[in-house]
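Q: Produce the entire structure from the sequences given, and follow the hints as far as they go.
Chain order of the listed sequences is A and B. Just so we're aligned, residue 481 is where the first sequence starts under our numbering, counting upward by one. Just so we're aligned, residue 88 is where the second sequence starts under our numbering, counting upward by one.
Bear in mind the hints are in silico, worked out from the structure with no lab data behind them. Using N, Cα and C, we set each Cβ at its ideal position, and we do this for glycine too. Check before you lean on any hint, since a few could be wrong.
[Said to hold, decoys possible] Among chain B residues calculated to face chain A with C-beta under 8 Å, some are:
#1 A217
#2 S220
#3 L221
#4 W231
#5 S246
Listed here are the chains, written in short residue letters.
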Amino acid sequence: MVVLFYILATLAVVAALSVVAQRKPVYSALSLIVVLCSLAVVYLLLGAEFIAVIQVIVYAGAIMVLFVFVIMLLNAGQEVPSHRSRMAHWLGAPLVAAFLVEILLAVWQQFPAASTRPASSLDAGPAAIGHLLFRNYVLPFEVTSILILVAILGAAVLAKKEF
Amino acid sequence: MATFSNKGVVLLIILIKIAVVLVVLLATIAYLTWLERKVVAHIQARWGPYLVGPHGLLQPIADGAKAFLKEDIVPLEADKVIYWLAPFLGFTLALFSIAVIPFGEGFTIYGHTISFQITDLNVGLLFVFAVTSLGVYSIALAGWSSNSKYPLLGGLRSSAQMISYELSLGLAVVGVLMISGTLSLRGIVNSQAGFWHVGGVNTYLPHWNIFVQPVGFLVYFTAAIAETNRIPFDLPEGENELVGGFHTEYSSMKFAMFFMSEYANMITVSCLATLLFFGGWHGPVLGPYVFRVFLPVFWFCAKLFCFLFFYIWMRGTLPRFRYDQLMAFGWKFLLPVGVLNVLVTSFLVAWKSG
Chain A
481 MVVLFYILAT LAVVAALSVV AQRKPVYSAL SLIVVLCSLA VVYLLLGAEF
531 IAVIQVIVYA GAIMVLFVFV IMLLNAGQEV PSHRSRMAHW LGAPLVAAFL
581 VEILLAVWQQ FPAASTRPAS SLDAGPAAIG HLLFRNYVLP FEVTSILILV
631 AILGAAVLAK KEF
Chain B
88 MATFSNKGVV LLIILIKIAV VLVVLLATIA YLTWLERKVV AHIQARWGPY
138 LVGPHGLLQP IADGAKAFLK EDIVPLEADK VIYWLAPFLG FTLALFSIAV
188 IPFGEGFTIY GHTISFQITD LNVGLLFVFA VTSLGVYSIA LAGWSSNSKY
238 PLLGGLRSSA QMISYELSLG LAVVGVLMIS GTLSLRGIVN SQAGFWHVGG
288 VNTYLPHWNI FVQPVGFLVY FTAAIAETNR IPFDLPEGEN ELVGGFHTEY
338 SSMKFAMFFM SEYANMITVS CLATLLFFGG WHGPVLGPYV FRVFLPVFWF
388 CAKLFCFLFF YIWMRGTLPR FRYDQLMAFG WKFLLPVGVL NVLVTSFLVA
438 WKSG
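A: Okay, structure coming up:
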C-alpha cells in the first residue's frame, strides 16, 4: 500500500508540473486529468471509495471534458511564449519557495506522522456522507446550489448578449 | 490459517476470474459484430456474411486478421502521441467497467466462495459511470489529434452528445437506487429477488424494478443508446455528413479498437440495464447443484442477449436523427422526464416509509 502511495504521489506531482510546463493546452489538460485520477486512486487506497469515484465523475469526467471541449472548439495550437516581465523573473522563484515552505509547515503542524489515520476507520460510504450532507450541513449545501444556479444564469445571460 | 498459501489461492482465483471474463468478453465482442451483420442483413432481405465458415461464422476471425495486416496510416499533421493514445484509452476503459458486473450468485468449492464477479465495490454503479464518463476523452481526442476537419467535427459532436445524455443516464437510475437503497450492483440485484406482493397477494410477477420504474427504464435505455453513439443517435459518425466522424483518419488495428470499444460499451450498458431493471440473474432455478449455480448465469446472458438484439434491431429499423433534434430531445424531453421520475419516485418512497 505504501509503495503504491509513493508511486501515485510521484505521478501526481510529475503530472502537476507537466500541467504548467506543457506548451500545448491539450497536453496541459490531459496532465491535469492524470493528476485528478491519481488523486482518486489515493483516496481509494485510504478506503474512501465514494469520494474516489465522485472525484473521477465530477472532475475528470465532467469538468475536464468541458475544458478539452473548449480547447478543441478554439482549436488552440501551441502557446506562444510572451516576453516575461522583469518582476516575475526576479520574484517568481523566491515567492514559490516561500509558499511551498509555508504549506509544508502548515501540513507538518496539522498532521504529525504518528496521528494520521486511514479514512477506512471512519465511515466514508455514500450513506454516511448523505446523512452528513442532508442533515448537519443542509443549509450550506442549499446555499451553494443556489450560488451555482446564479452563476449558471449569469453565464447564460452574458452569452445571450453576444448574439 | 491466513498464510501465504491461502493468499496465493485467493490471488489465483482472482486472476482466473479476470482471464475468463476477459476472454468471454472479447469473444462476445467478436461475435456481436457477426450477429449485427447477420441480423441487419436478414432485416434487409440479404444473406450477410456467408463465405468464411458455415453461415460466415469464422468472419470475425478473418476480420481480425485483416485489421492486423492492413497498413497503419498516420496522418502527417496528426498529433502523434494523442493520436496513438486515443484508441488504447477508449478500449481499455471500455473493458474496465466489466470488472464490477455480477453475472450470478456464485458457488463454494473447497471452502472458497467464488462469486461470478471480479470485484464487488460498494459503489459499483458509480464506478461504471466514472469509467463511462472518461470514455468521452477517447473520442474527443481522436477527433482532435487527427488534425482534419471531419474528425474534429465528429469529436466535437460526440463530446457534446455524451455530456448531454450522461445527465439523463444518471438521473434515470436514481429511482432504482432509492428503491433498493444501495450502490452495489450485487445489492441492487439481490433487492429484486422473489415476486411482487400486492396487498399480501402473490402476483407471480417477478420482483424486478422495471414494473415500478418503467419511465426510468425508458429514459435509461434511450440515453444509453445515445451514450454508446448507436443508431438513431450515431451523429458523431454520420457517414453522409462527416465521412466517418471521429475515426475517419484511423486505419488498421487502431480503427478496429474503436470498433471494439463501441461494442464493449454496448455490452456494458446492456449489462447495467439487465442488472438495474430486469433482476440481473434472477429467474426460475431448479435441478441439481450444478444447475442451481449456472442457471442464473444463463438467465443473465439471455437477458443481455435480448438487449443486444434490440440494439441491432433498432439499427435496422430507425433512421438517424438530425443534430439539433438530438440535442433538443436530450435536453428538452429526456432530462425533464428523468427529473419528474426522480421526484415522483422519491415522493412515493418517502410516503411508503412513513
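Q: Could you run down the list of hints and mark each one as holding or not?
A: Evaluation of the provided hints:
{"no.": "1", "hint": "A217", "verdict": "holds (4 Å)"}
{"no.": "2", "hint": "S220", "verdict": "holds (3 Å)"}
{"no.": "3", "hint": "L221", "verdict": "holds (6 Å)"}
{"no.": "4", "hint": "W231", "verdict": "holds (5 Å)"}
{"no.": "5", "hint": "S246", "verdict": "holds (5 Å)"}
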